[in-house]
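Protein chains in written order, with numbering that gives the first Met the number 0: chain A, 0 to 432; chain B, 0 to 432.
In case anyone wonders, no lab produced these hints; they're calculated from the structure.
Errors might be hidden in some of the hints.
Repeated chains share a single entry, so a pair holds when one copy, or any two copies, can fit it.
As the list claims (entries may be wrong) - Here are the computed lysine to any residue pairs in the SDA-like style, where the Cα-Cα straight-line distance is at most 25 Å:
no., residue 1, residue 2
1, 333, 298
2, 158, 174
3, 333, 352
4, 219, 186
5, 271, 390
6, 160, 408
7, 333, 126
8, 271, 432
9, 102, 297
10, 275, 332
11, 102, 398
12, 305, 215
13, 158, 368
14, 305, 256
15, 305, 332
16, 102, 215
17, 271, 253
There are 2 protein chains.
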Amino acid sequence: MAPETEETTRSTEDARETTARTPSRRALIGWGGAGLALGAVAGGSTAAALSADPTPAAADGGAAVPFHGAHQAGIATAVQDRLHFAAFDVTTDDREALIDLLKEWTAAAAKMTAGRPVGEGAVGGLAEAPPDDTGEALDLKPSRLTLTFGIGPTLFEKKGKDRFGLKDRRPAALIDLPKFPGDNLEAARSGGDLCVQACADDPQVAVHAIRNLARIGFGKVAVRWSQLGFGKTSSTTPDAHTPRNMFGFKDGTRNIAGTDTGELDKHVWVGKSDDKGAGAWMAGGSYLVARRIRMHIETWDRTSLKEQEDVFGRSKGEGSPAGRQREFDEPHLKSMLPTAHVRLAHPDSNGGTRILRRGYSFTDGTDGLGRLDAGLFFLAYQRDVRDGFVPLQKNLARHDALNEYIQHVGSAVFAVPPGVRDKDDWWGRTLFA
Amino acid sequence: MAPETEETTRSTEDARETTARTPSRRALIGWGGAGLALGAVAGGSTAAALSADPTPAAADGGAAVPFHGAHQAGIATAVQDRLHFAAFDVTTDDREALIDLLKEWTAAAAKMTAGRPVGEGAVGGLAEAPPDDTGEALDLKPSRLTLTFGIGPTLFEKKGKDRFGLKDRRPAALIDLPKFPGDNLEAARSGGDLCVQACADDPQVAVHAIRNLARIGFGKVAVRWSQLGFGKTSSTTPDAHTPRNMFGFKDGTRNIAGTDTGELDKHVWVGKSDDKGAGAWMAGGSYLVARRIRMHIETWDRTSLKEQEDVFGRSKGEGSPAGRQREFDEPHLKSMLPTAHVRLAHPDSNGGTRILRRGYSFTDGTDGLGRLDAGLFFLAYQRDVRDGFVPLQKNLARHDALNEYIQHVGSAVFAVPPGVRDKDDWWGRTLFA
Chain A
0 MAPETEETTR
10 STEDARETTA
20 RTPSRRALIG
30 WGGAGLALGA
40 VAGGSTAAAL
50 SADPTPAAAD
60 GGAAVPFHGA
70 HQAGIATAVQ
80 DRLHFAAFDV
90 TTDDREALID
100 LLKEWTAAAA
110 KMTAGRPVGE
120 GAVGGLAEAP
130 PDDTGEALDL
140 KPSRLTLTFG
150 IGPTLFEKKG
160 KDRFGLKDRR
170 PAALIDLPKF
180 PGDNLEAARS
190 GGDLCVQACA
200 DDPQVAVHAI
210 RNLARIGFGK
220 VAVRWSQLGF
230 GKTSSTTPDA
240 HTPRNMFGFK
250 DGTRNIAGTD
260 TGELDKHVWV
270 GKSDDKGAGA
280 WMAGGSYLVA
290 RRIRMHIETW
300 DRTSLKEQED
310 VFGRSKGEGS
320 PAGRQREFDE
330 PHLKSMLPTA
340 HVRLAHPDSN
350 GGTRILRRGY
360 SFTDGTDGLG
370 RLDAGLFFLA
380 YQRDVRDGFV
390 PLQKNLARHD
400 ALNEYIQHVG
410 SAVFAVPPGV
420 RDKDDWWGRT
430 LFA
Chain B
0 MAPETEETTR
10 STEDARETTA
20 RTPSRRALIG
30 WGGAGLALGA
40 VAGGSTAAAL
50 SADPTPAAAD
60 GGAAVPFHGA
70 HQAGIATAVQ
80 DRLHFAAFDV
90 TTDDREALID
100 LLKEWTAAAA
110 KMTAGRPVGE
120 GAVGGLAEAP
130 PDDTGEALDL
140 KPSRLTLTFG
150 IGPTLFEKKG
160 KDRFGLKDRR
170 PAALIDLPKF
180 PGDNLEAARS
190 GGDLCVQACA
200 DDPQVAVHAI
210 RNLARIGFGK
220 VAVRWSQLGF
230 GKTSSTTPDA
240 HTPRNMFGFK
250 DGTRNIAGTD
260 TGELDKHVWV
270 GKSDDKGAGA
280 WMAGGSYLVA
290 RRIRMHIETW
300 DRTSLKEQED
310 VFGRSKGEGS
320 PAGRQREFDE
330 PHLKSMLPTA
340 HVRLAHPDSN
350 GGTRILRRGY
360 SFTDGTDGLG
370 RLDAGLFFLA
380 YQRDVRDGFV
390 PLQKNLARHD
400 ALNEYIQHVG
410 SAVFAVPPGV
420 RDKDDWWGRT
430 LFA
């Protein structure tokens with residue numbers, strides 16, 4: 000199949016692959032360079048992709064999530080089971096080379112989220128060239144892969160240098176996070192010029208996506224740090240059961256629902272009137288705070304059940320707020336200790352502030368002292384970091400009883416641009432255009 | 000429910016929970032100390048557990064795998080999706096304390112593999128005491144969790160010291176592995192007095208199991224190193240599709256099937272006549288070699304398709320042997336380069352040697368140079384390491400074209416005792432008795 004044919008059918012294919020058919024990648028590729036057999040799908044309009052619901056409520060592990068839309072997928076999308084998150088340093092100082100890379104990345108992301116290999120369809124293309132796709136996801140389903148792209152403060156300015164002529168475009172909401180009490184941040188796990196959050200129901204699909212983006216970016220970007228998450232700790236689908244964190248507790252039971260457009264518009268999506276100074280290029284986007292929170296598992300595991308429940312302000316088994324019977328009973332904050340996590344994190348203790356959480360548990364083996372290197376990779380989306388994570392974390396960092404058992408060791412903040420609207424659009428276009 | 004009632008019903012419950020009902024752990028626990036509601040299941044015989052098929056062919060992600068049997072589960076068992084492997088140093092020098100721990104571990108393993116929390120059923124027991132179970136798997140299904148226990152050479156003798164009066168019981172087959180060409184082993188990722196391999200279809204269930212065993216062992220053992228694996232690279236069910244490794248290739252397409260009792264008896268299970276010198280305590284057990292194999296992903300990804308296929312001796316897309324059409328066509332070894340991986344690893348190139356592989360892909364973030372710290376955590380079971388991994392790896396380490404792209408950075412070998420036969424049996428009993 001000729002590339003131009005493929006371009007015209009891509010958006011139709013994206014929409015098509017959200018159906019229950021969800022073919023494996025193998026079914027989509029020919030072998031020996033025979034190429035795609037999808038050319039028979041004629042025509043196609045971008046409207047089909049744009050009108051598709053980007054937040055399917057049902058967690059069908061095999062389906063595809065549409066890549067194109069007003070907002071990037073992977074924010075309001077029903078939280079997938081696994082995560083691979085990567086922060087990149089941009090190593091080129093050539094603005095055009097960076098733009099070319101973002102276009103290449105966008106094209107690859109559209110293919111991978113649809114469950115197709117990177118490149119022109121077959122495994123290899125020329126036998127004498129490296130394969131377009133690294134291959135380890137060839138037999139796997141789309142697995143609800145989402146790839147969510149963000150831009151860190153250092154892309155706009157680094158050590159006083161306006162690297163890409165973007166300094167004046169930096170949104171006021173994209174602040175450098177202040178140092179919070181108790182922070183013990185490692186530079187090697189913090190910051191980044193760019194980021195990509197890969198979420199999928201199959202970890203191999205998420206890892207494959209980050210690896211192929213890193214490969215495509217060779218010579219222009221380098222992975223600064225990356226993090227795998229094996230278990231979601233938040234849900235954006237209130238009817239699903241609330242996952243547990245590594246302390247064995249349900250947390251964030253009242254997360255913003257991915258279908259609650261009112262709350263999303265109020266707390267998550269950047270509005271057209273926001274950040275006029277830097278231009279409205281972030282309208283429809285969001286701001287992401289990522290924190291690697293190490294949990295002192297061994298200390299926690301020697302703490303009494305009563306202490307654990309007091310620390311959270313919640314029962315361990317059912318997950319009910321202190322003094323209540325069921326998980327979703329309205330919390331009575333005054334029944335909790337003033338240092339209880341649920342009480343301090345509740346919107347009523349924070350002037351109504353809400354953030355959309357998509358955090359994941361991680362376990363990265365063992366540290367040098369035989370302790371599990373485990374914890375929570377906290378990911379939160381918000382309309383403005385200054386009104387979202389910052390006041391919330393100031394409150395928690397000062398008072399939360401949980402601080403005895405956790406430590407923030409990595410930190411980053413990113414502007415997450417609006418969605419890629421169609422096949423001619425690309426990650427970051429509104430910023431560079 | 001009283002503990003003694005629970006003891007008598009456990010094996011029945013184990014068998015019962017292998018059915019399609021597979022309740023979640025939450026369904027099995029009362030809240031507020033009300034305890035198990037399973038007392039109504041009367042009587043029960045160990046025969047039910049022993050006769051249950053330990054290798055269900057169907058990969059029902061939610062089901063339980065029976066814990067009791069002639070062989071340990073997690074070897075011939077259909078390979079689960081995820082891995083958490085831990086090697087432990089024994090920190091006590093008290094033989095009785097070690098035996099007590101192994102009994103405690105065995106009881107906890109029987110519960111967790113059945114999808115039940117550790118301890119007496121409820122989350123907590125006393126509010127003033129730490130919970131018996133850490134809780135993060137409470138809502139999750141058994142997820143085919145298997146826990147497979149092994150004993151390293153250093154438990155028998157370390158620096159010339161007979162630590163537990165076991166020196167004369169060390170099997171001749173449990174050799175210290177020789178140094179192979181190209182080995183670049185890190186001490187912090189090698190060795191161990193004991194090991195537990197946790198495999199499950201849900202990573203949170205595998206992590207929970209290792210974490211709780213480490214917690215129970217506090218003061219007697221310490222985790223020396225651990226490894227998470229996110230994607231299986233081998234299958235013991237020949238009818239399932241062969242998984243791909245991080246190089247994007249199918250490998251080990253001709254693994255020993257978990258249902259092939261003839262080949263298992265010949266190549267995997269220790270026979271009664273083996274190792275008479277050390278006593279027959281290993282009869283029904285096996286020997287495990289674990290190797291952390293770092294893959295140089297970035298180098299590989301810049302290698303041409305032809306080179307990649309020549310290195311493996313196999314096509315990338317279909318996985319067919321060189322010169323053949325389909326994955327399971329009989330390989331024609333002479334069609335491959337003498338350095339091709341398939342040719343060198345084939346039984347015909349190794350005097351008929353076969354090993355049972357259960358390896359997993361890993362990605363542990365990024366190294367200091369921005370490269371993915373990724374590769375294969377190789378796990379192989381065999382009747383005798385001297386006739387299995389050692390000659391095979393000697394052949395591969397000398398000649399395999401793949402060596403340009405990989406490096407062995409961790410290594411360990413363990414004697415894996417026979418299965419726990421019933422509720423009175425425990426991990427390692429045949430060794431210590």
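Alpha-carbon proximity between residue 305 and residue 215, which holds within one copy, between copies, both or neither at 25 Å: between (51 Å within a copy, 20 Å between copies)
message: Checking an output row: residue 271 and residue 253, CA cutoff 25 Å. Within, between, both or neither?
response: neither (27 Å within a copy, 59 Å between copies)
field: Homo-oligomer pair classification [residue 390, residue 271; C-alpha up to 25 Å]
entry: within (23 Å within a copy, 68 Å between copies)
message: Within a copy, between copies, both or neither: which one fits residue 333 and residue 352 at a CA-CA cutoff of 25 Å?
response: within (19 Å within a copy, 69 Å between copies)
message: With identical chains, the pair residue 102 and residue 215 could be close in the same copy or across copies; at 25 Å between alpha carbons, which is it: within, between, both, or neither?
response: So residue 102 and residue 215 pass the 25 Å test inside one copy only (11 Å; across, 52 Å).
- prompt: Using 25 Å as the alpha-carbon threshold, which applies to residue 160 and residue 408: within, between, both, or neither?
  reply: Answer is neither; intra-copy 27 Å and inter-copy 41 Å both fail.
query: Can you tell me if residue 333 and residue 298 fall within 25 Å by alpha carbon in one copy, between copies, both or neither?
result: Neither: 27 Å inside a chain and 59 Å across chains, both beyond 25 Å.
message: Checking an output row: residue 305 and residue 332, CA cutoff 25 Å. Within, between, both or neither?
response: Within one copy only: 17 Å inside a chain, 65 Å across chains, cut-off 25 Å.
- prompt: How do residue 275 and residue 332 come out at 25 Å by Cα distance, when the copy is not named: within, between, both, or neither?
  reply: For residue 275 and residue 332, neither the intra-copy (38 Å) nor the inter-copy (67 Å) Cα distance is at most 25 Å.
message: For residue 333 and residue 126, with the copy left unspecified, which applies at a CA distance of at most 25 Å: within, between, both, or neither?
response: between (68 Å within a copy, 21 Å between copies)
task: Since the copies are identical, ignore which copy is meant and state whether residue 102 and residue 297 lie within 25 Å (CA to CA) inside a copy, between copies, both or neither.
output: between (46 Å within a copy, 21 Å between copies)
- request: Classify it for me, residue 158 with residue 368: is the Cα-Cα distance of at most 25 Å met within a copy, between copies, both or neither?
  value: between (36 Å within a copy, 22 Å between copies)
Hint violations for this structure: numbers 1, 6, 10, 11, 14 and 17, all remaining hints satisfied.
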